[in-house]
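Enquirer: The primary structure of each chain is shown beneath.
There are 2 protein chains.
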Amino acid sequence: MKKGNIYNKLNEYGRSDSYPYHMPGHKRNVDAESGLFGVLGRIGDIDITEIHDFDNLSDPDAPDGILYKAQKECADFYDVKKSFYLVNGSTVGILSAISACVPKGGKLCVARNAHKSTYNAMCIRDIEPVYMYPHLNKQFGFFEAVTAEDVEKAICSANSDCEINGGNSVAAVIVVSPTYEGRIADIKAISEVAHSYGIPLIVDEAHGAHLKFAKDADKFGISACDCGADIVIQSVHKTLPAPTQTAVMHFNSELVSLDKLEKYLHVYQTSSPSYPLMAGIEEAINYMKEFGQERLEFLKNNFVGLVATINTQCKYIEALDYRQGIQDVGKLVFSAKRAGISGIELSGMLRDKYHLELEMCVKDYCLAMFTVCDAEEAFDRMKGALLDIDRQLQEKLGNSKFDYSTKPLSSYSGNETVIPLAKAWDMSSERIFLEHAAGRVCAAFVGLYPPGTPMLVPGEPVSEENVREIMEYITLGYEVTGINEGLIKVICQ
Amino acid sequence: MKKGNIYNKLNEYGRSDSYPYHMPGHKRNVDAESGLFGVLGRIGDIDITEIHDFDNLSDPDAPDGILYKAQKECADFYDVKKSFYLVNGSTVGILSAISACVPKGGKLCVARNAHKSTYNAMCIRDIEPVYMYPHLNKQFGFFEAVTAEDVEKAICSANSDCEINGGNSVAAVIVVSPTYEGRIADIKAISEVAHSYGIPLIVDEAHGAHLKFAKDADKFGISACDCGADIVIQSVHKTLPAPTQTAVMHFNSELVSLDKLEKYLHVYQTSSPSYPLMAGIEEAINYMKEFGQERLEFLKNNFVGLVATINTQCKYIEALDYRQGIQDVGKLVFSAKRAGISGIELSGMLRDKYHLELEMCVKDYCLAMFTVCDAEEAFDRMKGALLDIDRQLQEKLGNSKFDYSTKPLSSYSGNETVIPLAKAWDMSSERIFLEHAAGRVCAAFVGLYPPGTPMLVPGEPVSEENVREIMEYITLGYEVTGINEGLIKVICQ
Chain A
1 MKKGNIYNKL
11 NEYGRSDSYP
21 YHMPGHKRNV
31 DAESGLFGVL
41 GRIGDIDITE
51 IHDFDNLSDP
61 DAPDGILYKA
71 QKECADFYDV
81 KKSFYLVNGS
91 TVGILSAISA
101 CVPKGGKLCV
111 ARNAHKSTYN
121 AMCIRDIEPV
131 YMYPHLNKQF
141 GFFEAVTAED
151 VEKAICSANS
161 DCEINGGNSV
171 AAVIVVSPTY
181 EGRIADIKAI
191 SEVAHSYGIP
201 LIVDEAHGAH
211 LKFAKDADKF
221 GISACDCGAD
231 IVIQSVHKTL
241 PAPTQTAVMH
251 FNSELVSLDK
261 LEKYLHVYQT
271 SSPSYPLMAG
281 IEEAINYMKE
291 FGQERLEFLK
301 NNFVGLVATI
311 NTQCKYIEAL
321 DYRQGIQDVG
331 KLVFSAKRAG
341 ISGIELSGML
351 RDKYHLELEM
361 CVKDYCLAMF
371 TVCDAEEAFD
381 RMKGALLDID
391 RQLQEKLGNS
401 KFDYSTKPLS
411 SYSGNETVIP
421 LAKAWDMSSE
431 RIFLEHAAGR
441 VCAAFVGLYP
451 PGTPMLVPGE
461 PVSEENVREI
471 MEYITLGYEV
481 TGINEGLIKV
491 ICQ
Chain B
494 MKKGNIYNKL
504 NEYGRSDSYP
514 YHMPGHKRNV
524 DAESGLFGVL
534 GRIGDIDITE
544 IHDFDNLSDP
554 DAPDGILYKA
564 QKECADFYDV
574 KKSFYLVNGS
584 TVGILSAISA
594 CVPKGGKLCV
604 ARNAHKSTYN
614 AMCIRDIEPV
624 YMYPHLNKQF
634 GFFEAVTAED
644 VEKAICSANS
654 DCEINGGNSV
664 AAVIVVSPTY
674 EGRIADIKAI
684 SEVAHSYGIP
694 LIVDEAHGAH
704 LKFAKDADKF
714 GISACDCGAD
724 IVIQSVHKTL
734 PAPTQTAVMH
744 FNSELVSLDK
754 LEKYLHVYQT
764 SSPSYPLMAG
774 IEEAINYMKE
784 FGQERLEFLK
794 NNFVGLVATI
804 NTQCKYIEAL
814 DYRQGIQDVG
824 KLVFSAKRAG
834 ISGIELSGML
844 RDKYHLELEM
854 CVKDYCLAMF
864 TVCDAEEAFD
874 RMKGALLDID
884 RQLQEKLGNS
894 KFDYSTKPLS
904 SYSGNETVIP
914 LAKAWDMSSE
924 RIFLEHAAGR
934 VCAAFVGLYP
944 PGTPMLVPGE
954 PVSEENVREI
964 MEYITLGYEV
974 TGINEGLIKV
984 ICQ
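Chains A and B supply the protein sequences, listed in that same order. Okay, so the first sequence: first residue is 1 according to my numbering, each after it adds one. Okay, so the second sequence: first residue is 494 according to my numbering, each after it adds one.
Some hints could be false.
[Unchecked claim] Straight-line alpha carbon distances no greater than 16 Å define the calculated EDC-like cross-link-like pairs of lysine to aspartate or glutamate that follow: (1) 562/B with 546/B; (2) 260/A with 919/B; (3) 104/A with 919/B; (4) 753/B with 430/A.
Calculated directly from the structure, the hints in this document are not laboratory data. Since the model is a prediction, treat every value here as computed from it, not as a measurement.
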């Protein structure tokens with residue numbers, strides 16, 4: 001594989017005798033003092049600004065600009081009308097997509113376990129969420145993917161409500177797929193539902209940039225780009241070999257204004273994008289075009305093997321079964337709750353003794369991420385550690401039985417809204433002790449992050465049950481966002 | 494100088510035997526295939542996500558988190574209440590500051606030559622600009638810094654207008670200092686004016702992160718952090734040795750809600766910030782703490798010497814005089830218009846023959862940036878090239894005289910507004926040929942970028958004069974943003 005065009009051009013300029021009387025301030029002059037700079041010692045020579053012949057991300061030169069070309073190749077590969085490189089994460093894609101699709105005061109159909117950037121977009125754009133509460137996975141307690149029925153039900157109920165009580169009908173649908181835990185939604189069916197109501201579908205495919213690179217899509221799950229979604233946002237840093245903070249957004253709509261989408265994108269994204277980050281996006285896509293299929297097969301074989309080993313050889317540790325097309329091959333959900341061990345404890349064991357660092361853990365399960373960049377070591381070390389821990393548990397516990405029924409949070413079955421989200425977000429608030437908060441209206445997003453599913457959002461009343469559950473999480477050692485030093489933000493009375 | 498804490502910790506983790514079952518997808522496993530990746534081959538091993546013990550930029554761990562500590566040290570040095578690392582450029586600081594200071598529908602006192610992020614913030618927040626048109630520099634035609642009188646006049650006139658006609662009074666003032674051309678405003682006087690009206694002052698100090706590091710501030714210009722500004726935003730990548738896309742925001746206010754500012758910051762900034770970028774900010778500040786004073790003295794001596802040489806030895810080329818405390822030592826404004834040569838021509842000569850790449854050029858002048866990272870080569874090569882060009886011009890032109898009076902754009906003395914900015918930005922628009930646009934209402938930002946001072950903003954009528962001027966720029970070879978293939982966006986009639 002040859003290196004990316006952007007990288008090569010940066011490298012060539014860095015090595016030339018051209019002198020920079022332009023930003024960045026380091027002037028690529030950090031090699032001489034390389035002992036001083038860790039980061040610039042590595043990338044200083046390829047870190048430039050928008051100079052002559054290096055194109056401009058906010059206004060790419062067609063057809064010979066390097067950024068225009070790279071984004072065009074990306075669009076061609078993903079088979080969409082237009083692709084955008086993002087250097088402010090998927091966050092900036094979500095903000096732009098929602099701003100372009102939903103007018104101020106409009107309604108957005110959204111799963112409760114949406115990423116916080118979706119909630120943020122609704123808050124700053126005065127958008128009213130129409131929540132979908134997908135089914136809960138009984139084994140581990142996480143949200144399954146949203147279904148076409150969930151979407152249809154939500155749109156119908158919101159629209160008929162507005163026929164009776166006035167107000168806006170639903171303007172767009174946003175769906176996360178694959179979810180954080182790897183559940184892949186039937187985007188084809190969902191986009192048909194959305195389009196039958198004449199509204200666009202945004203897919204937060206932050207965890208699914210790799211799907212498109214499988215030659216036999218059915219074996220891995222079909223990318224939303226091939227299922228009729230209007231806008232698809234992918235964190236290339238999450239599942240592809242790209243630097244953190246990089247993402248792409250694909251536009252493929254007849255319903256959404258491309259002009260609007262671009263306008264908002266240029267609002268929310270820096271006017272000084274990092275060329276190394278952009279070069280990193282191009283290289284990740286190039287790599288996947290050449291090696292993606294082979295690496296995905298390797299990933300799948302090893303992943304499926306690992307799940308099977310855990311579930312056949314372990315007594316206490318259990319893993320979420322792999323189901324082709326339903327579960328992503330990269331997300332291993334597992335727990336030792338049959339041994340009375342919480343996610344945080346299991347994750348701590350793996351870190352301290354085996355030096356395995358997980359993506360996240362909640363009370364009832366842990367999540368380990370595997371990608372196309374994992375070699376056999378990744379699977380071997382995880383397998384070895386889990387079998388080892390299970391053996392020790394067997395020695396210690398013998399035939400003891402634990403009550404390990406999964407109890408999802410009360411808020412996962414639906415909260416009341418007493419003040420609209422965006423309004424509550426903007427109201428005066430005060431911080432009070434959590435134990436005194438029952439009966440007050442929440443002014444913050446409260447939840448575990450990751451995974452980021454909020455237990456409470458601004459405008460929802462805090463119940464006794466919420467207080468009890470949050471306290472329990474804190475006592476167990478989890479960090480609960482929205483709670484600082486025992487204080488929670490509530491709306492001033 | 495020892496490397497930054499963040500960098501050292503990343504490096505240590507990268508070298509450990511700890512295995513990452515977390516993002517980013519490259520799994521730091523790119524060394525084995527290092528031939529394939531330019532960018533990740535360089536930073537892959539230090540590029541991580543928010544794992545255990547690495548803190549979280551959206552919610553820093555006090556007091557032992559590395560990001561909390563680094564930002565605290567930054568605040569201590571700049572002598573402000575709180576500092577924020579920004580990885581989405583100064584853009585995200587400007588968006589957050591304006592969102593936190595000005596309510597929707599409110600008024601913001603703003604210089605016409607504000608950065609486009611300021612305009613963008615006003616568009617998405619329904620904010621009405623109260624424009625200040627600073628004096629024009631007669632020699633080159635750029636905007637001088639805003640003065641306290643400009644600010645007082647603008648606030649007074651807007652407030653008395655709202656007393657008569659109703660509406661909101663001015664909610665905040667934003668000022669750019671140093672300007673793109675290096676003009677430093679009297680922020681102390683300006684903040685006194687703003688505070689006398691009980692409103693906060695935001696300073697876009699994108700080009701002034703270095704000022705604070707001078708021991709004798711009067712010799713370089715005083716940082717807005719020391720002049721009573723409420724929020725100060727600095728692009729550390731512009732004047733310090735930090736990677737492109739990095740910036741810091743300082744909060745030092747009694748008038749603005751810190752809570753609100755943080756809330757908006759977390760909306761507009763990625764939830765997956767790049768650790769290498771953050772480490773780069775820390776290293777730039779560490780470097781400046783240790784070497785800043787010495788490097789600033791070096792920069793100043795060489796810069797002043799260069800300006801003097803140009804202005805004493807050149808016949809046709811002229812440079813903006815250096816004035817201590819008024820002009821930044823990093824921005825060399827110069828031109829050869831006395832020889833009838835435009836900025837774009839001069840810039841082209843410097844690039845093609847001498848391999849000197851400038852920051853920007855407009856019709857009447859060029860801008861070269863010098864920073865603390867420039868060695869003598871920077872000054873020698875520029876001096877050599879300009880003297881050489883001037884010599885050739887003398888040989889060629891002898892005693893010819895050219896009419897070189899600077900003619901600022903007509904829009905620089907004020908445009909009419911027929912539709913409020915934010916409303917016009919959001920209205921339906923169409924693209925028509927520029928030559929047919931006179932009489933229509935503009936729907937885009939039209940101007941040269943850089944420097945980014947708009948000739949027209951949404952909601953302003955397009956005049957015959959505007960059309961003529963824009964055509965002239967395009968004919969001269971400049972890229973005018975807002976014009977694509979001869980088409981301009983205007984509001985649908």
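Enquirer: All the hints need checking, so say for each whether the structure fits it.
Expert: Okay, the hints, checked on the actual structure:
1. 562/B with 546/B: holds (13 Å)
2. 260/A with 919/B: holds (9 Å)
3. 104/A with 919/B: With a Cα-Cα distance of about 11 Å, the restraint between residue 104/A and residue 919/B holds, given a limit of 16 Å.
4. 753/B with 430/A: The given pair, whose Cα atoms are some 12 Å apart, holds under the 16 Å limit.
In this structure, every one of the numbered hints holds.
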